[in-house]
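K.L.:
This is what each chain is made of:
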Amino acid sequence: MSVTTSLQGKSGIGQFLSAIPGAGILLILMLALFTIVNPRFVSQTNLINVGLQTSLLLMIALPMTLIILTEGLDLSAGALVGLSGVIVAEALLAGWGVFAACTATLAVSIAFGALNGVLVAYLALPAFVVTLGTMGLMQGIALVLTNGDPVGGFTPAIEIFYRSQLWFIPLPIAIAAALYAALWLLLYRTRLGNYVIAIGGNKDALRLAGIRANLVHLAVYVLGSAIIGLSAVLLIGRTNSAHPTVGIGMEFEAIAAVVLGGTSFEKGQGWLFGAVLGALAITVLRNGLNILSIDSSLQVVCIGILLILALLIDQARKQFVRRAT
Amino acid sequence: MTVPATLDIRPSSLSPDAAALLGRVVLIVLIAGALTAVDPGFASVSNLLNMLRQASLLFLVASGLTLVIIGGGLDLSVGANLTLSACLAAAAIKTTGNPWYGVAVAIGAGTLIGFANGLMINRLRLPPFLATFGMLWVAQGIAYWFMAGQTIYGMPMSFRYFGTGFFLGVPLPIWITLMVCLACSILLHRTTFGRETYFMGANQTTALLSGVPVERRRLLLYVLSGLTAGIASLVYLARLNAAEPGIGEPLLLPAIAAVLVGGTSLFGGNGNIVGTVLGAILLTIIVNGLNLLNVAATWHPFVNGAVVLVAIIADLVISRRRSGSR
Chain Z
5 MSVTTSLQGK SGIGQFLSAI PGAGILLILM LALFTIVNPR FVSQTNLINV GLQTSLLLMI
65 ALPMTLIILT EGLDLSAGAL VGLSGVIVAE ALLAGWGVFA ACTATLAVSI AFGALNGVLV
125 AYLALPAFVV TLGTMGLMQG IALVLTNGDP VGGFTPAIEI FYRSQLWFIP LPIAIAAALY
185 AALWLLLYRT RLGNYVIAIG GNKDALRLAG IRANLVHLAV YVLGSAIIGL SAVLLIGRTN
245 SAHPTVGIGM EFEAIAAVVL GGTSFEKGQG WLFGAVLGAL AITVLRNGLN ILSIDSSLQV
305 VCIGILLILA LLIDQARKQF VRRAT
Chain U
59 MTVPATLDIR PSSLSPDAAA LLGRVVLIVL IAGALTAVDP GFASVSNLLN MLRQASLLFL
119 VASGLTLVII GGGLDLSVGA NLTLSACLAA AAIKTTGNPW YGVAVAIGAG TLIGFANGLM
179 INRLRLPPFL ATFGMLWVAQ GIAYWFMAGQ TIYGMPMSFR YFGTGFFLGV PLPIWITLMV
239 CLACSILLHR TTFGRETYFM GANQTTALLS GVPVERRRLL LYVLSGLTAG IASLVYLARL
299 NAAEPGIGEP LLLPAIAAVL VGGTSLFGGN GNIVGTVLGA ILLTIIVNGL NLLNVAATWH
359 PFVNGAVVLV AIIADLVISR RRSGSR
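Taken in sequence, the protein lines are chains Z and U.
If you're matching positions, the first sequence starts at 5 in the working numbering and goes up one per residue.
If you're matching positions, the second sequence starts at 59 in the working numbering and goes up one per residue.
Keep in mind that the hints were calculated from the coordinates and are not lab data.
Given the structure is predicted, the values throughout are model-derived calculations rather than measurements.
Idealized CB from N, CA, C, for every residue including glycine.
Please note: incorrect hints may appear among the correct ones.
[To be verified] What follows is a list of derived Cβ distance ranges for each label pair: (1) Z:T249 to U:G155: 35 to 45 Å; (2) U:N352 to Z:T159: 10 to 20 Å; (3) U:N352 to Z:T107: 28 to 38 Å; (4) U:L245 to Z:R195: 45 to 55 Å; (5) U:L88 to Z:Y126: 23 to 33 Å; (6) Z:T107 to U:L351: 27 to 37 Å; (7) Z:A128 to U:P98: 39 to 49 Å; (8) Z:N151 to U:D97: 23 to 33 Å; (9) U:L350 to Z:T243: 48 to 58 Å; (10) Z:A320 to U:L351: 25 to 35 Å.
Model the full assembly from the supplied sequences, consistent with the hints where possible.
P.N.:
Encoded structure:
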């Protein structure tokens, strides 16, 4: 049942509108508010900036959606971003080529994704504690590798890559869009995607249907970590340096984006586009608060408040729908 | 997620639990013995007392968390709660000069954060790990904003006594630990609330159907977790003699590790507070031993993460063996 309800979201304009989560409403409100307060908000430079920040957040929030659809969670995502960036930077400094450095990062990310996946899928351990533990491992390795200091002075190729454009679109935005398209196809147009949603809905039923459910479950974590690890390349391109603790807290924003978008932690109910809405809402909020020159630590508090508002709106709407039918 | 089929609502922590606790004591003695062989200075009374004092700080953070986990929940905000409570208390003491205002502020802030956690879980129907994870970042954010890059240091001597003082030759934090441990023990094993906590943790639906006011009990559990975080923040502040927004965050992993190593099952309905005391001591000894072996402090997150992973896997093996044998 949960499979059908979560698939319904994409058919028909009416259903599409009724499925707009609280994040969508809040997003429109915030856009209007920030534009009125400061028209600079809708300037071209600022909108491109919002696009860039959103695409970086989406690189983590999209794979996080897949993981959360399986009733899982990845608290180690932020630590993995930090570790991956450090590995790329250190490898480049050691004279490796860009391709080799990225391959090394990919290998490490896949290894940690497999560790998370084996513990969660095969041993049925709770994902939030498993990934909390691996978060410690990754943070520790990143700190040991760098001694806690930022790593800089590597080849500018990464920064050039980050700043390049596809026609007129900044490359990070194009990459995030391509990633969205690929994951959308995977989730909604392949059998594997059905299995992913079914793991959250009823893993036992999937296993009884003769599917190797544990393997699919493991694959979700491996794929997620691979994407998250590679996204670190974009991140170190932005600042042209890698910092071992730069990723801390990114998992919070990614999870917040997914939850804002209306994906639930239960029964595989959710949709991929929700993550886009959620990521946009968070980035717009941060950007608007920046323009109002509000302290970045208070912005995190505002994200929390935004999250609670969205959940309240969703709860009220559900009650309204229940009363109407 | 399998819930243990059996209900463990023994009024006292004897039999299999006692054996498990004894096993942990033996493990602690073995590690301590090995470390003494490496460096005889390890076994000196001053080092041992110092280590127990460190362990008591960890225990205080983990004590309320133990209650929450036994009740089938989780509180990821304990470290951030400690940070915010300590920062607010330090500011209150600095501006008023009266330590008791600090005590009131820390206890109040800690409890309020716990209350908000419980409210979010009850009213918004959020999974505990999500609600308390959000609270972690909110509390941390408020602390960073409040401190604005400053460190508040130099607490009055009367206040520092909480963290550095001795009573009958034993550091005060250890006395506070004993009192909190005793209170939690009585709460868990001698009151209806305690029995209902184990019941809720073992099977929430059955508990609800049996007439346990699950929502109210859950709210109280998170309030208690916030309260102990508030108490811990006072001891921390008194010991460090300074407050800054980075003090609590590194405590979350060790606190969860202490609870799990202490034999409290992450799946709820199982465990006890004495185990958490031993877990805290064990973790402190490991960190102390690493320092003794000249391992850099940058390794600590790695070690804490590894301990958490080993503890949950061991917990799984033990609970499977238990449910298999019955």
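K.L.:
Which of the listed hints are not met by the structure?
P.N.:
2, 9, 10
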